[in-house]
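Student: Need the complex rebuilt from these two chains, each delivered in its own frame; the hints are there to steer you.
So the protein sequences, as listed, match chains W and E. Under the numbering used here, the first residue of the first sequence is numbered 534, with each subsequent residue one higher. Under the numbering used here, the first residue of the second sequence is numbered 671, with each subsequent residue one higher.
Hint data in this document are derived by calculation from the structure and do not stem from the laboratory. These numbers were taken from a predicted model, which means no experiment stands behind them. Each residue gets a CB set at the ideal place from its N, CA and C atoms; glycine is no exception. It is possible that some hints are incorrect.
Unchecked claim - No farther apart than 35 angstroms at their CA atoms in a straight line, the calculated lysine-lysine pairs in the DSBU-like style are these: (1) K777/E / K545/W; (2) K716/W / K798/E; (3) K707/W / K593/W; (4) K716/W / K762/E; (5) K716/W / K652/W; (6) K562/W / K536/W; (7) K762/E / K593/W; (8) K558/W / K798/E; (9) K667/W / K690/E; (10) K576/W / K587/W; (11) K851/E / K654/W; (12) K707/W / K777/E; (13) K652/W / K690/E; (14) K690/E / K777/E; (15) K767/E / K746/E; (16) K654/W / K798/E; (17) K832/E / K558/W; (18) K767/E / K562/W; (19) K768/E / K554/W; (20) K768/E / K716/W.
Said to hold, decoys possible - Per the computed footprint, the stretches of chain E lying under chain W, defined by three or more beta-carbons under 8 angstroms from a beta-carbon of chain W, are: (21) 700 to 714; (22) 759 to 768.
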Amino acid sequence: MTKKAYYDRKIKRATQLLFYKHHMKPGVKGWELKNALGSDYPKVLKILENHLEKLDLQIKTVFEGENPSGEPTLEELNKARFYVTVRGGLPEKDAKMMGWRIDDLAGLATAISYIISKKGKASRDNVEELLRSKLPSWRVEMNIARYIRNGYLGEDEHNQLYLDWRTRAEVDQKALVELLLTK
Amino acid sequence: MSNKEKLSGDRIQRVIEICKTVDERGVDPFSLDIDEIISTLQKYFPEWDSPEEMAIDAEAVQCLASVIENQGNWVKYRSTSLYTDPFLLEDKIQRLKKEDFIGVFIKVWTPVIEMEQLSIPYLTEAMKYWDSLVPIDERWQNDNPMEVGTGTITRGELVRQKIFAEKTFMEDLVASWDQLKQMVGEKKKILYWDFIGCNTYKETLDRAYMTSFLVTYGYATLELHPLDEEVFIIPFTEPRLELADKQLVSVPISISFDEWDKWKEEKLNDKKSLL
Chain W
534 MTKKAYYDRK IKRATQLLFY KHHMKPGVKG WELKNALGSD YPKVLKILEN HLEKLDLQIK
594 TVFEGENPSG EPTLEELNKA RFYVTVRGGL PEKDAKMMGW RIDDLAGLAT AISYIISKKG
654 KASRDNVEEL LRSKLPSWRV EMNIARYIRN GYLGEDEHNQ LYLDWRTRAE VDQKALVELL
714 LTK
Chain E
671 MSNKEKLSGD RIQRVIEICK TVDERGVDPF SLDIDEIIST LQKYFPEWDS PEEMAIDAEA
731 VQCLASVIEN QGNWVKYRST SLYTDPFLLE DKIQRLKKED FIGVFIKVWT PVIEMEQLSI
791 PYLTEAMKYW DSLVPIDERW QNDNPMEVGT GTITRGELVR QKIFAEKTFM EDLVASWDQL
851 KQMVGEKKKI LYWDFIGCNT YKETLDRAYM TSFLVTYGYA TLELHPLDEE VFIIPFTEPR
911 LELADKQLVS VPISISFDEW DKWKEEKLND KKSLL
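The shape of chain E in the complex, shown without the other chains (with noise of 0.2 angstroms):
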């Protein structure tokens, strides 16, 4: 920033701390001379580039409005009955002697009549409550937290209560890897389908979920033909754990109920044909 910017900076900055002095301090707004502050505004604005300099104009131009409106109050308040030369006022005040302050005061002031009172019912709860109220000492004393015992639990127990799973996930994972070497055999890959697709269609989406893992840990791969629209499952012999790290490509594979629905109903047709 050049210096001439920076000059002109500080020179809008002390035009928002005016204004906004002219607001908080309760100053005369008319004290402030609006036309050369907008003139000065308008010099400065061409020079601005940045939305910073931009916002501290907008900032400037806001504060410049409130002061304005200030204004309109103070025509407004001055055009009420309660208006005063804030002088005149002041210099009754300093000439008046306390006795006839507290003469003209008195005669205006109308105390708030407030009371209070204790009724019998309100007691009687309030005994109530006294008696029902356990002694301090009582109440802060530090409860023993209750002792236990260690012990040994088995996984068959932590199996039972739910804690452990039967199997671990990678348990499961292998196993669908080792049944899909199976299926495939020596055709070296297998249709998408043909693998996860079984009797009920839960079990149809769980082994698609378990797919979908033997693919992005490197247990296989996808082969996809879109023209034909099919999509194979290739097993690796051997993990390929480098893939893992790696995702290439996110292949979307819906699995509906109709679909399933479909697939069940054309290998059953298959196996009517072969029959």
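Chain W on its own, in the form it takes in the complex (with noise of 0.2 angstroms):
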């Protein structure tokens, strides 16, 4: 088999991994791609991100708490959770193609803020209180409940929300505080 041959059989199978969802989140743990690809996987997903980047789409690396400092190890990569996301913003009206409402997603927007502006962790009655001034009681329930279940918040034992996976995975925290702070 040649080296293009080989690397374009991996390729296929990481798009499969990376794309299809397997279990309850979606995404993949490095270790599965280590299993399904080989030791090598790094350099499978980095000819992937490649290609993915003329679809403005891009491949998403989640660390297992704080983001590595310098070069991460395969180790710590192992640990990780890929994902598949979209490159750059999405066009506003596209938002509402995803399912979402313009207030659940500036509920959202703003759930997020506030909790990051808190160190990560934020008492449920204050973001229900915060949320509240802009929309009806009923509704701000109802998206907590959704923020939850989709993995974008968290929730412990005291009422602490906090930013989940999701987030973790799909919003550039850091450039959100400076974007806001502009405003």
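Tutor: See below:
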């Protein structure tokens, strides 16, 4: 088998693993990619990333805990989760097509920003109070339940809301805070 | 516990609760006056005597350490680019129009692509499964238990099937007791090894096993001569069942294969010398 054919085969397999949902959550763990593609899977992902760039998509790596300061080690990559996400921003009208009402999306943005400002954890009461200032009460409760169900927010045993896996995969928190401050 | 001690205990409990609130609710850890808490703990420490009080004090120190760790993390977070004054951010959130906010969020939001699709092979597999699936009313049907008629069985059959032993334990015990009495005869006692020693090691072990029960259940007793290293067995003419309830002393006697072998050799030599 030529090198090109070898990588073509691996890229097809990586695409299947990354795009299709295999578990409750989308995406795939590093160790799963290692088992399916071999230990050179970071190289396969890099080639796939070049293909995806043309489609305005990207492979997003979400590490366990904090992001590594330098180049991630193979061990850190094995524990991380990989997703395919949209690369650039979306046109505003497209958000509607994704099943989000403008109110719901604004509520999500508000909740996420507020939790970021509170060092990643905020009481559910406070978040609800903030959302109630612009949304009807019944909608606030329903929305928070939806954000939690979809993995944007998590709630601990002390009714503290925190940013869950989907926010870490989909939202550039630093850019969000910077943009908000410049508004 | 005196009123003063109770008051001090309550104070320390309050310290623990405050520290826990800071940890669990994400309250600014710098809102606590650590020095004051430390001096409170120092003040009450000499009053503690019981282990429970010491445990509460230790818990308070542990909670305080956790708050200090939190302060460290807080400083670290504030030094990162993600930190923004929460009041400033809250103010921005409140003032921004819904549409503007969406505009900002859309720029930083990159939704995950996830697809779900059925494939022909998987559908075929599912159809095969469906065909082989037994209808639910058949699956949940109650199985009629097999009817078994009653019958009779003899004791001999039960012994043959190893459900019953040929002789009961008590029958074996009494047989051993009779044997012991017979071997002792007029002498009243017999050397332990002379009673338990048999031609094979297995038989010797069996006899030793039964002897231990003869002594325990009050059918016989042991007479120990520590200086001569001799142990005698004395059978009772009638079982003394009252002894069975109060075991006064345990006598460990080793019956290794070497000891049995040595006993057997000595016995043979004795026989030869008699001849």
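Student: Evaluate each hint against the coordinates.
Tutor: Outcome of the hint check:
1. K777/E / K545/W: 30 angstroms, holds
2. K716/W / K798/E: With Cα atoms ~60 angstroms apart, K716/W and K798/E exceed 35 angstroms; violated.
3. K707/W / K593/W: Between K707/W and K593/W the Cα gap is close to 16 angstroms, so the pair holds against 35 angstroms.
4. K716/W / K762/E: Between K716/W and K762/E the Cα gap is close to 8 angstroms, so the pair holds against 35 angstroms.
5. K716/W / K652/W: 21 angstroms, holds
6. K562/W / K536/W: Since the Cα atoms of K562/W and K536/W sit roughly 25 angstroms apart, the hinted pair holds (cutoff 35 angstroms).
7. K762/E / K593/W: Holds, at roughly 29 angstroms.
8. K558/W / K798/E: 28 angstroms, holds
9. K667/W / K690/E: 33 angstroms, holds
10. K576/W / K587/W: It holds: about 18 angstroms lies between the C-alpha atoms, which stays within 35 angstroms.
11. K851/E / K654/W: The hint is violated at about 87 angstroms.
12. K707/W / K777/E: Roughly 12 angstroms separates the two Cα atoms, so the pair holds.
13. K652/W / K690/E: 17 angstroms, holds
14. K690/E / K777/E: With a Cα-Cα distance of about 38 angstroms, the restraint between K690/E and K777/E is violated, given a limit of 35 angstroms.
15. K767/E / K746/E: Given that 35 angstroms is the threshold and the Cα spacing comes to 32 angstroms, the pair holds.
16. K654/W / K798/E: Violated, because 50 angstroms separates the two Cα atoms, which is more than 35 angstroms.
17. K832/E / K558/W: Given pair K832/E, K558/W is violated - Cα atoms ~59 angstroms apart, limit 35 angstroms.
18. K767/E / K562/W: This hinted pair is violated, its Cα atoms lying about 39 angstroms apart.
19. K768/E / K554/W: 33 angstroms, holds
20. K768/E / K716/W: Roughly 13 angstroms separates the two Cα atoms, so the pair holds.
21. 700 to 714: Violated - the stretch 700 to 714 of chain E has 0 residues with a Cβ nearer than 8 angstroms to chain W, which falls short of three.
22. 759 to 768: holds (count 7)
Violation of the numbered hints given earlier is confined to hints 2, 11, 14, 16, 17, 18 and 21; the remaining hints are satisfied by the structure.
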